[in-house]
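2 protein chains.
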Amino acid sequence: MRITTDTAALASCFDIIEKALPLRTTIPSIGNIFLEATEDNLSFSTTNLEMFINCSIPNKNDQSGKILLPPKIIDIVRYFPTEEITIDINWDNYRLDISGGSSHFNLYGADYHDYPVFTLPDHTENESFVFEQNIFKKNMRKVVFAASNEETRPAFNGVLFQFNNQHLTLTASDTYRLVVKEISDDSWTINNKKCLVPAKAMRELLRIIGDQNQNMSLSVTDDLLLFEFGQVQLSARLLDEKYPDVSGVIPKEYKSRITIDRKVLEDTISRASLLAEGKNQAVNLLLKEQKLEVKVSSQQGSMEDFVPVEHEGEDLELYINSRFILDFLKLVDDNSIIIDFHGDGGPLVFRLPEDDGYLYLVLPIKKMN
Amino acid sequence: MRITTDTAALASCFDIIEKALPLRTTIPSIGNIFLEATEDNLSFSTTNLEMFINCSIPNKNDQSGKILLPPKIIDIVRYFPTEEITIDINWDNYRLDISGGSSHFNLYGADYHDYPVFTLPDHTENESFVFEQNIFKKNMRKVVFAASNEETRPAFNGVLFQFNNQHLTLTASDTYRLVVKEISDDSWTINNKKCLVPAKAMRELLRIIGDQNQNMSLSVTDDLLLFEFGQVQLSARLLDEKYPDVSGVIPKEYKSRITIDRKVLEDTISRASLLAEGKNQAVNLLLKEQKLEVKVSSQQGSMEDFVPVEHEGEDLELYINSRFILDFLKLVDDNSIIIDFHGDGGPLVFRLPEDDGYLYLVLPIKKMN
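Quick mapping for you: the protein sequence lines, in order, are chains V and R. Taken in order, the first sequence gives residues 141 to 509; the numbers are from the numbering used here. Taken in order, the second sequence gives residues 141 to 509; the numbers are from the numbering used here.
One or more hints might be untrue.
[Unchecked claim] Here chain R is said to cover these stretches of chain V; the calculated rule only asks that three of the stretch's residues, wherever they fall, bring their Cβ under 8 Å from a Cβ of chain R:
1. 209–221
2. 237–244
3. 408–419
4. 433–443
[Claimed, not checked] Within a straight-line C-alpha distance of at most 27 Å, the following computed DSSO-like cross-link-like pairs (lysine-lysine) qualify:
5. R:K435 to V:K212
6. V:K212 to R:K507
7. V:K428 to V:K395
8. V:K506 to V:K419
9. V:K212 to V:K278
10. R:K212 to V:K403
11. V:K333 to V:K278
12. V:K212 to R:K419
13. V:K212 to R:K470
14. V:K470 to R:K212
15. R:K321 to R:K435
16. R:K333 to V:K435
17. R:K507 to R:K470
18. V:K334 to V:K282
19. R:K395 to R:K431
20. V:K277 to V:K333
21. V:K507 to R:K212
22. R:K334 to R:K282
23. R:K419 to R:K470
24. V:K212 to R:K403
25. V:K470 to V:K403
26. V:K419 to V:K392
27. R:K382 to R:K333
28. V:K278 to V:K321
29. R:K206 to R:K159
30. R:K212 to V:K419
31. R:K506 to R:K435
32. R:K428 to R:K507
33. V:K277 to V:K470
34. R:K392 to R:K507
No lab work stands behind these hints, which were simulated from the structure alone. These numbers were taken from a predicted model, which means no experiment stands behind them. Cβ atoms here follow ideal geometry from the backbone N, Cα and C, with glycine treated the same way.
Looking at chain V on its own, in the form it has when it is part of the complex (with noise of 0.2 Å):
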């Protein structure tokens, strides 16, 4: 089977599916690029397991057929010399033959029949959301941030989703902080549907997705979610672990609340954290007289600072991990932002005045005196 192809068009398909690709794996199949050529299409499809992407090039070939490519032909794409690249496939030996100017590859491919099968939910059974792609984009930054990295408690490891009727909720937490964010559109339909999706899977979305705004949509099974836009499929398989219910965490009324310059608290929180220490990056803070006082006190030194804040309700003082401040902090670009205050032990509450549909509530540390 002889494949010529534009190079550049390859090179972007093969940027879209190397973010599936295992780098280790007991597997050796899925360390592997599926290859499905027809007549009028080339699909490259790649997964971890976890997620599986499939990234489409429409392409005239001369014959259609299925084969495993070595993930080194991505490098090889993308230092290509000539526009145009041809791959000769030898169905005996699974030999590739990429050529193209005076450049002259050849490498191995293996037969396909150990890869996994990915059965992509139809579309007429499923239930879907669409979505622009930038604001998916900015409103799952601001949410998959807070998801746990670390593999004792599995739930923790997702981002849950919620659909109900023409609302879906997003849930991430590390069991010390927790993003809440609702989003609504009138034409969406799913009714009552929950799923537990990879954060992995998440941030790798984020690298794919861009920032303009055509629409991608967003289908559920009972297994999978799948993304689609464009000439790309990702879905990402559903963690089968129980998440816990976290809306008794989120405190009816606040005790205080201020507003407060995000750009501002994010630098004096900067600075407090170069003296901050130990596991927990622990900063103090103290609110009163419009003032939230930032304080830090090492083995090293200490550092005082305050920044003037809009306040209502009574004062306090806490200490939080600076770390879980800033990562919010430099996530979003709104001028000020709020922070509701529970008393002595209770949670920080960060909203967004733009959005009201976004919280994110962060437990102050026990400091034993």
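Add chain R to chain V, keeping to what the hints say.
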């Protein structure tokens, strides 16, 4: 003592002296910054014993004194919120109070008496060269990359400086490859002097000196090479090792010479290196019929390509470490380069058409067939 100075000037000074701060050291005092304040000047010094850097800021101070500052002060100044910074030093307990605007830091300094004393050479006693900074930088970059990082043969961790009246010869090698660069200037006068300077110190120097055509001076003593530019002094302790005589390695006459497009060769070798394997990263070069053929064959597959050349002399075939070629091709910006071959098993000598004082010699790999 109270010091009030410009935050940006102090941060720039710290960016420079940070290069000689040891990350780990068994001598606690050299983990710090040595500050010497006079009424008109602040002088900051660091050393890792191999290299010593001093940077001064003209500044009016209310007192004179010396103290060791903890390295944490570098981060604090870098992120300080105000344009001016005030540092109060309490001589009784070495407490440093760093303040500006609403920010206040407190750190602990230390007594300077344990800090190693550096006596910089006095200009009147020394022989010295003057260079333009950008010319020194451009030349040293093309030399120092060939020095070894392995500690098994310490002489090859150095760059050899050989002064002879109007001539300076720089030499670096890791035993597999060798750079020799001759520079001449009528104003120079140092006669018959050799010194071996740690390549590490030269790499840090390259990070500090600018691309401008301002002068820097270079002075030689029995145990130091001293560079001075602007408010900065950098001295490197000479290596007390015997450098082997490498002049015999450079063949007098070539058997074949090619002139080749640098960028096309770099791209071709880069692609070949995708399949090159093992410690030697071997690629096969074949010179024939006004072409340089590049081939590689490994467990992953094979590649062949060619680059048109202007060719004089005999045909030949040899194996070479592709990384050694790429290191050099990426450093130079000449449109074409000259390569001299010296028969089977003989070295390759790369020359720059625009710079006849420069040569880069690479030994071929012996292949067992």
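How the hints compare with the structure:
| no. | hint | result |
| --- | --- | --- |
| 1 | 209–221 | holds (count 7) |
| 2 | 237–244 | holds (count 3) |
| 3 | 408–419 | holds (count 5) |
| 4 | 433–443 | holds (count 4) |
| 5 | R:K435 to V:K212 | 17 Å, holds |
| 6 | V:K212 to R:K507 | 25 Å, holds |
| 7 | V:K428 to V:K395 | 13 Å, holds |
| 8 | V:K506 to V:K419 | 13 Å, holds |
| 9 | V:K212 to V:K278 | 33 Å, violated |
| 10 | R:K212 to V:K403 | 23 Å, holds |
| 11 | V:K333 to V:K278 | 23 Å, holds |
| 12 | V:K212 to R:K419 | 19 Å, holds |
| 13 | V:K212 to R:K470 | 23 Å, holds |
| 14 | V:K470 to R:K212 | 23 Å, holds |
| 15 | R:K321 to R:K435 | 31 Å, violated |
| 16 | R:K333 to V:K435 | 57 Å, violated |
| 17 | R:K507 to R:K470 | 26 Å, holds |
| 18 | V:K334 to V:K282 | 20 Å, holds |
| 19 | R:K395 to R:K431 | 16 Å, holds |
| 20 | V:K277 to V:K333 | 22 Å, holds |
| 21 | V:K507 to R:K212 | 25 Å, holds |
| 22 | R:K334 to R:K282 | 20 Å, holds |
| 23 | R:K419 to R:K470 | 20 Å, holds |
| 24 | V:K212 to R:K403 | 23 Å, holds |
| 25 | V:K470 to V:K403 | 9 Å, holds |
| 26 | V:K419 to V:K392 | 30 Å, violated |
| 27 | R:K382 to R:K333 | 14 Å, holds |
| 28 | V:K278 to V:K321 | 11 Å, holds |
| 29 | R:K206 to R:K159 | 21 Å, holds |
| 30 | R:K212 to V:K419 | 19 Å, holds |
| 31 | R:K506 to R:K435 | 16 Å, holds |
| 32 | R:K428 to R:K507 | 20 Å, holds |
| 33 | V:K277 to V:K470 | 16 Å, holds |
| 34 | R:K392 to R:K507 | 25 Å, holds |
Comparing the model with each numbered hint stated earlier shows that hints 9, 15, 16, 26 do not hold.
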